[in-house]
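Enquirer: Residue numbers in the sequence shown follow full-length UniProt numbering, run continuously in steps of one, and reach 246 at the last position.
Some hints could be false.
Here are the computed lysine-lysine pairs in the DSSO-like style, where the Cα-Cα straight-line distance is at most 27 Å [claimed, not checked]: (1) Lys74 to Lys121; (2) Lys109 to Lys128; (3) Lys187 to Lys74; (4) Lys191 to Lys128; (5) Lys229 to Lys128; (6) Lys191 to Lys109; (7) Lys187 to Lys128; (8) Lys187 to Lys121; (9) Lys146 to Lys128; (10) Lys229 to Lys146; (11) Lys229 to Lys204; (12) Lys146 to Lys74; (13) Lys191 to Lys121; (14) Lys187 to Lys236; (15) Lys229 to Lys121; (16) Lys109 to Lys74; (17) Lys109 to Lys121; (18) Lys109 to Lys229; (19) Lys191 to Lys229; (20) Lys236 to Lys109; (21) Lys77 to Lys236; (22) Lys229 to Lys196; (23) Lys77 to Lys109; (24) Lys196 to Lys146; (25) Lys77 to Lys121; (26) Lys236 to Lys74; (27) Lys128 to Lys236.
None of these hints come from the bench; they were simulated from the model.
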Amino acid sequence: MALSVPNSGNATILRATSQLSAFPRLTSPSPADQTNFQFSTTTTTTRRNSSSTNSIVAQFSFFPAFLNKGKNDKALKVKEELLQSISPLDRGAAATPEDQQRVDEIARKLEAVNPTREPLKSDLLNGKWELIYTTSQSILQTQRPKFLRSVTNYQAINLDTLRAQNLESWPFFNQVTADLTPLNARKVSVKFDTFKIAGLIPVKAPGRARGELEITYLDEDLRVSRGDKGNLFILKMVDPSYRVPV
Numbered sequence: 001m002a003l004s005v006p007n008s009g010n011a012t013i014l015r016a017t018s019q020l021s022a023f024p025r026l027t028s029p030s031p032a033d034q035t036n037f038q039f040s041t042t043t044t045t046t047r048r049n050s051s052s053t054n055s056i057v058a059q060f061s062f063f064p065a066f067l068n069k070g071k072n073d074k075a076l077k078v079k080e081e082l083l084q085s086i087s088p089l090d091r092g093a094a095a096t097p098e099d100q101q102r103v104d105e106i107a108r109k110l111e112a113v114n115p116t117r118e119p120l121k122s123d124l125l126n127g128k129w130e131l132i133y134t135t136s137q138s139i140l141q142t143q144r145p146k147f148l149r150s151v152t153n154y155q156a157i158n159l160d161t162l163r164a165q166n167l168e169s170w171p172f173f174n175q176v177t178a179d180l181t182p183l184n185a186r187k188v189s190v191k192f193d194t195f196k197i198a199g200l201i202p203v204k205a206p207g208r209a210r211g212e213l214e215i216t217y218l219d220e221d222l223r224v225s226r227g228d229k230g231n232l233f234i235l236k237m238v239d240p241s242y243r244v245p246v
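Between the sequences and the hints, there should be enough to build the whole structure, so can you do that?
Expert: Given below as structure tokens:
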């Protein structure tokens, strides 16, 4: 992927920036123009799967907190089941269709006991979230060599300004910011405005860079969202004080 400023119009811009577009797929005239919010990595061996399982539980300092903070025993059990099911799947890159179906079923059980019925009115949504699982293949970038995939991806949301931001880590550090428009108490439309290649070079987003995102589960530590193209996104909170550039 090119990291220099594109010189051949919006098509080149989208090609240079497609790996960080956003959680919902962008609406566009044709499938070739559609882009997703993005995220990545893969697990290849049983040994590495086991290591990944231990690592994901260790990294998620919020995992024990799930068992202490919850107000509903059923929700606590479902959250634990969901985390255990995704821990060996390398954020979805190693998931089989059967794995995806199982995770979706558990996610739907968790959504049914969502403690935050109007997430767009809740301060719990504010801050910086890290993606820990998705079904979006363009986000996972599994068609690329692993060294060309973003190691970690984030999404930040601030409700007071109705702004969102997606950020990639190594190796590209790309970013994109967006305006949010509430459609109801759970869903927003997303209009991207500025890409930053390598986090430094600003490029105006094309007008068709839009999408929708529905927040289907929200608590202090975990967020489940679904995009307008049917993809599932599971995120953990990493910085509730983070502010998105206006």
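Enquirer: Does the alpha-carbon distance linking Lys146 and Lys74 stay inside the 27 Å limit?
Expert: violated (38 Å)
Enquirer: Would you check the hint for Lys236 and Lys74, treating anything up to 27 Å between C-alpha atoms as holding?
Expert: holds (19 Å)
Enquirer: With a cut-off of 27 Å on the C-alpha distance, tell me whether Lys74 and Lys121 pass.
Expert: This hinted pair holds, its Cα atoms lying about 24 Å apart.
Enquirer: Does Lys146 pair with Lys128 here, judged by a C-alpha cut-off of 27 Å?
Expert: holds (25 Å)
Enquirer: For the pair supplied as a hint, Lys229 and Lys196, confirm whether the alpha-carbon distance does not exceed 27 Å.
Expert: holds (25 Å)
Enquirer: With the threshold set at 27 Å, check whether the alpha-carbon distance from Lys191 to Lys229 stays at or below it.
Expert: holds (16 Å)
Enquirer: Does Lys109 pair with Lys229 here, judged by a C-alpha cut-off of 27 Å?
Expert: holds (20 Å)
Enquirer: If you draw a straight line from the CA of Lys77 to the CA of Lys236, is it 27 Å or shorter?
Expert: The hint holds at about 17 Å.
Enquirer: Mind checking the alpha carbons of Lys187 and Lys74 for me, to see if they're no more than 27 Å apart?
Expert: holds (25 Å)
Enquirer: Given the hint that Lys191 pairs with Lys121, test it: the Cα-Cα distance must not exceed 27 Å.
Expert: holds (20 Å)
Enquirer: Do the alpha carbons of Lys109 and Lys74 lie within 27 Å of each other, as the hint requires?
Expert: holds (9 Å)
Enquirer: Verify the proposed pairing of Lys236 with Lys109, using a straight-line Cα cut of 27 Å.
Expert: holds (18 Å)
Of the numbered hints stated above, those contradicted by the structure are hints 6, 12, listed in ascending order.
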